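Spelled out from the first residue to the last, the chains are:
Protein chains: 2
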Amino acid sequence: MSKKIFDNTLIIGMGLIGSSVARSLKKSKLSANILGYDINQNVINKCKKLKIVDLFVSNLNNSKYQFDLIIICSPLGTYSSIFKKLNKLIKQDCIITDVGSVKTEVINQYEKHCNNSYITFVPGHPIAGLEKSGPEYGFADLFKNRYCIITTKNSKNKNVKKIEKMWKSFGMKVEYMNSKHHDKVLAMTSHIPQLIAYSIVATTTDLENRMKDEVIKYSAAGFRDFTRLAGSDPIMWRDVYSQNKEAVLDMLGRFSEDLASLQKAIRNKDLNKMEKIFSSTKKIRKLIEDYGQAGSFDPREKK
Amino acid sequence: MSKKIFDNTLIIGMGLIGSSVARSLKKSKLSANILGYDINQNVINKCKKLKIVDLFVSNLNNSKYQFDLIIICSPLGTYSSIFKKLNKLIKQDCIITDVGSVKTEVINQYEKHCNNSYITFVPGHPIAGLEKSGPEYGFADLFKNRYCIITTKNSKNKNVKKIEKMWKSFGMKVEYMNSKHHDKVLAMTSHIPQLIAYSIVATTTDLENRMKDEVIKYSAAGFRDFTRLAGSDPIMWRDVYSQNKEAVLDMLGRFSEDLASLQKAIRNKDLNKMEKIFSSTKKIRKLIEDYGQAGSFDPREKK
Numbered sequence: 001m002s003k004k005i006f007d008n009t010l011i012i013g014m015g016l017i018g019s020s021v022a023r024s025l026k027k028s029k030l031s032a033n034i035l036g037y038d039i040n041q042n043v044i045n046k047c048k049k050l051k052i053v054d055l056f057v058s059n060l061n062n063s064k065y066q067f068d069l070i071i072i073c074s075p076l077g078t079y080s081s082i083f084k085k086l087n088k089l090i091k092q093d094c095i096i097t098d099v100g101s102v103k104t105e106v107i108n109q110y111e112k113h114c115n116n117s118y119i120t121f122v123p124g125h126p127i128a129g130l131e132k133s134g135p136e137y138g139f140a141d142l143f144k145n146r147y148c149i150i151t152t153k154n155s156k157n158k159n160v161k162k163i164e165k166m167w168k169s170f171g172m173k174v175e176y177m178n179s180k181h182h183d184k185v186l187a188m189t190s191h192i193p194q195l196i197a198y199s200i201v202a203t204t205t206d207l208e209n210r211m212k213d214e215v216i217k218y219s220a221a222g223f224r225d226f227t228r229l230a231g232s233d234p235i236m237w238r239d240v241y242s243q244n245k246e247a248v249l250d251m252l253g254r255f256s257e258d259l260a261s262l263q264k265a266i267r268n269k270d271l272n273k274m275e276k277i278f279s280s281t282k283k284i285r286k287l288i289e290d291y292g293q294a295g296s297f298d299p300r301e302k303k
Numbered sequence: 001m002s003k004k005i006f007d008n009t010l011i012i013g014m015g016l017i018g019s020s021v022a023r024s025l026k027k028s029k030l031s032a033n034i035l036g037y038d039i040n041q042n043v044i045n046k047c048k049k050l051k052i053v054d055l056f057v058s059n060l061n062n063s064k065y066q067f068d069l070i071i072i073c074s075p076l077g078t079y080s081s082i083f084k085k086l087n088k089l090i091k092q093d094c095i096i097t098d099v100g101s102v103k104t105e106v107i108n109q110y111e112k113h114c115n116n117s118y119i120t121f122v123p124g125h126p127i128a129g130l131e132k133s134g135p136e137y138g139f140a141d142l143f144k145n146r147y148c149i150i151t152t153k154n155s156k157n158k159n160v161k162k163i164e165k166m167w168k169s170f171g172m173k174v175e176y177m178n179s180k181h182h183d184k185v186l187a188m189t190s191h192i193p194q195l196i197a198y199s200i201v202a203t204t205t206d207l208e209n210r211m212k213d214e215v216i217k218y219s220a221a222g223f224r225d226f227t228r229l230a231g232s233d234p235i236m237w238r239d240v241y242s243q244n245k246e247a248v249l250d251m252l253g254r255f256s257e258d259l260a261s262l263q264k265a266i267r268n269k270d271l272n273k274m275e276k277i278f279s280s281t282k283k284i285r286k287l288i289e290d291y292g293q294a295g296s297f298d299p300r301e302k303k
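Going down the list, the protein sequences come from chains H and A. In terms of the numbering used here, the first sequence has 3 at position 3, counting the first letter as 1, and numbering is strictly consecutive. In terms of the numbering used here, the second sequence has 284 at position 284, counting the first letter as 1, and numbering is strictly consecutive.
The set of hints was computed from the structure by calculation and includes no laboratory data. Treat each hint with caution, since some may be false.
Since the list gives no way to pick one copy over another, a pair counts as held whenever it fits inside one copy or between any two copies.
To be verified - Restricting the straight-line Cα-Cα distance to at most 30 Å, the calculated cross-link-like pairs of lysine-lysine (BS3-like) are:
| id | residue 1 | residue 2 |
| --- | --- | --- |
| 1 | Lys51 | Lys29 |
| 2 | Lys49 | Lys64 |
| 3 | Lys46 | Lys212 |
| 4 | Lys48 | Lys283 |
| 5 | Lys217 | Lys132 |
| 6 | Lys273 | Lys112 |
| 7 | Lys282 | Lys132 |
| 8 | Lys168 | Lys91 |
| 9 | Lys273 | Lys286 |
| 10 | Lys4 | Lys85 |
| 11 | Lys269 | Lys84 |
| 12 | Lys286 | Lys144 |
| 13 | Lys132 | Lys212 |
| 14 | Lys212 | Lys91 |
| 15 | Lys173 | Lys283 |
| 16 | Lys286 | Lys132 |
| 17 | Lys158 | Lys112 |
| 18 | Lys212 | Lys264 |
| 19 | Lys286 | Lys51 |
| 20 | Lys282 | Lys144 |
| 21 | Lys276 | Lys161 |
| 22 | Lys168 | Lys132 |
| 23 | Lys273 | Lys84 |
| 24 | Lys264 | Lys180 |
| 25 | Lys269 | Lys112 |
| 26 | Lys245 | Lys264 |
| 27 | Lys282 | Lys27 |
| 28 | Lys156 | Lys217 |
| 29 | Lys112 | Lys132 |
| 30 | Lys282 | Lys217 |
Owing to the predicted nature of the structure, the values given are computational and were not obtained by experimental measurement.
Working from the sequences, and respecting the hints, build out all of it.
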C-alpha cells in the first residue's frame, strides 16, 4: 500500500529547517512531488546541487502549479506577504502549515490576509534546530525524538490529522496546545535563553580589544556554550522578538528579578543563599536528562 | 631516560578535576608515587575502586609522608584551612600548585597563612571542565588542547617551569598572566555565563507547576544548553562568586546594561537594532570555532 498522502507539496524557505523538512518528506514518501521556493538564488543553487527538491517554483504570484500541501519555513517577518500571495494563488483544496516559533501573531496574520475557502491553515512548530543556517546543514534526522506542537482547536479535523501524521513520520512526538500558551512556554524555553546568549556575547564585543581576544581564547570555560546559540540566524530571531513581544518581556522581567537577587547574594557574600539556588537548578537538569531531551556535548574538538 | 620529575605527589580533592589530574599524571609518568586526599569517604571509595591513586593520606595534620608536589583541587572555600595545615606539615622542598578559577584571593590567602620557606606556591588554572562532579566522571584527556593559566611573576623559576612542564605533558597550552587580569577575563568567560545559566534555570523553578513541566519537556529549544552549565557543583561555584566578587559584579553590570538595551529594542520593535546586535555576535562564534575552542554539540541523545 502506498504511503503517499500528498501529490504536490511546496516548501517555502529552503534554509536549515525547510531543507530538513524536504529531506524527511522525501525519505517518508508521503508526497509524490516536492517543490521548493526561496527568494535567495544562492540557496536555490545549493538545493539544486544537493537535489533536495524535485523542482523550484520561481514566483508565488503566478505559479503554474497547484499544491495540496504548503509548508512555510521562512522567517516570521515574511508571512504576511506570503499569506497575501497564497490567498490569490490557491484554487483547489490546500493545507497550509508552518514551522514558526511564534503562533498567536501568525494566526492573527493568517486571519487578516486569507479568506480563501480552499485553504485549511494548521499552525505548527517542530521544536528542533541547530545554530547553523542554510540548506547544506539540514538533515532528515533533525526532527527525530523531538516535540512538534500544533496550535489548533480542531485536532480531529482530517487535514490536521494529515499534518500530525507527517510530523510523526519524521520521528516527532506531536502535542496540541493553544497558541497563547505555546508562546509563553517557548518564550521561556527558547526565546529568552537565545536573547540572553545574544546579550552576553554582545557584552564581549564592547570590551577593549586585548580583553576581547582573551575572552575568545579562553571561551572553553562556559562562554562558548552561549556563543553556540548566538551563532543562529539574526533575521529569524529579530522576527521572533518582534512577534512574541509580550511573552518575551514578561519572562525577561522575571529573569531580571532573579538575576538581581543573585547579584545581591554575591554582594553580601551570602553563601547559604547561593548554595541553595545552585542546588535547586541541578535538579532541573536531571529532569531534562530523564526526559531524553538533553542532547550530548563533547568538550573535545571535532576530528 | 626517565620522565620522572617528582617523587611523591599529593592531590588534595579527588573530584572531577583532581581525579583527572591523577589520571593524567599516571599516564605521563612524571611522578613516582601519586597520593590522594579527600574529606569525603564516598569519593575515596570510588577512587580506590577505580585505582586512580596509589595511596590515600588520611590526615593533613600529621601525615607520615612528605611531598615534593601538592596539587590543590578542592573548592576555593577550603584553601585557607589547607594552607594552614600545609604550612605546618611541610619539612622539605615542596611545590604547591592549584586549579582554582579565582587567583588574586587565592594568592592573598596563601600569603596570609604560609610563611614556610620550603614551599614554592605556583598559582594555576587549567581551563577545562565538565558539568559533572565526582571522580567517576574524570578522564585524562580533559586537559587536551585547553589552556592553562599560571599567575606568577617568576615564569623563569625552575619550580614554575616544572609545573608548566606538567600541564604541557597533559596536552595543555600554558600562558602566564597577572592574577587580577586573570580574574577579570575569567569573570567574563566563565563566572558570568555560569551565573546567568543558574539564574535562568532558577527562574523556571519559580513557575507554576504545569508551566514548569512544559519548559522541561520542550527544553530542546535552547534552554537545555543553560541547564547543562547549571548542573555543575554548587559548592565550587558558591566559593567562586564569594572570592571573585568585584570582577563578577563589574561584568554583571555591563551585561545588565546590554540586556536592558535589547529589552528596549524589543519593546520598541526596533528591528534594525536587533538585527545589528544579532549579526555582531555571530562573528564572535566564528572566531571561537577558528580558535579550536568550540567543542562539539550533538543534538541527538546518547545511544
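Please work out whether the CA atoms of Lys282 and Lys217 approach to 30 Å or closer within one copy, between two copies, in both situations, or in neither?
Both: 28 Å inside a chain and 16 Å across chains, each within 30 Å.
Alpha-carbon proximity between Lys51 and Lys29, which holds within one copy, between copies, both or neither at 30 Å
within (15 Å within a copy, 54 Å between copies)
At most 30 Å between alpha carbons: which applies to Lys276 and Lys161, within, between, both or neither?
The answer is neither: 46 Å in one copy and 41 Å across copies each exceed 30 Å.
Quick one: Lys282 to Lys27, C-alpha cut-off 30 Å, is that within a copy, between copies, both, or neither?
This pair counts as neither: shortest intra-copy Cα distance 39 Å, inter-copy 32 Å.
Classify it for me, Lys286 with Lys132: is the Cα-Cα distance of at most 30 Å met within a copy, between copies, both or neither?
So Lys286 and Lys132 pass the 30 Å test inside a copy (27 Å) and across (11 Å) alike.
Within, between, both or neither: how does the pair Lys132, Lys212 come out at a Cα-Cα threshold of 30 Å?
Both: 23 Å inside a chain and 28 Å across chains, each within 30 Å.
With identical chains, the pair Lys168 and Lys132 could be close in the same copy or across copies; at 30 Å between alpha carbons, which is it: within, between, both, or neither?
The answer is within: 24 Å in one copy meets 30 Å, while 34 Å across copies does not.
Check Lys173 against Lys283 for me: Cα-Cα at most 30 Å, and say if that holds within a copy, between copies, both or neither.
within (24 Å within a copy, 35 Å between copies)
Measure nothing new, just compare the shortest in-copy and cross-copy C-alpha distances for Lys46 and Lys212 to 30 Å and report within, between, both or neither.
Intra 35 Å, inter 41 Å, cutoff 30 Å: neither.
Lys282 and Lys132: within-copy, between-copy, both or neither at 30 Å Cα
Both: 28 Å inside a copy, 10 Å across copies.
Quick one: Lys264 to Lys180, C-alpha cut-off 30 Å, is that within a copy, between copies, both, or neither?
between (34 Å within a copy, 23 Å between copies)
Homo-oligomer pair classification [Lys283, Lys48; C-alpha up to 30 Å]
Between copies only: 28 Å across chains, 47 Å inside a chain, cut-off 30 Å.
The earlier numbered hints that this structure contradicts are 3, 14, 21, 27 and 29.
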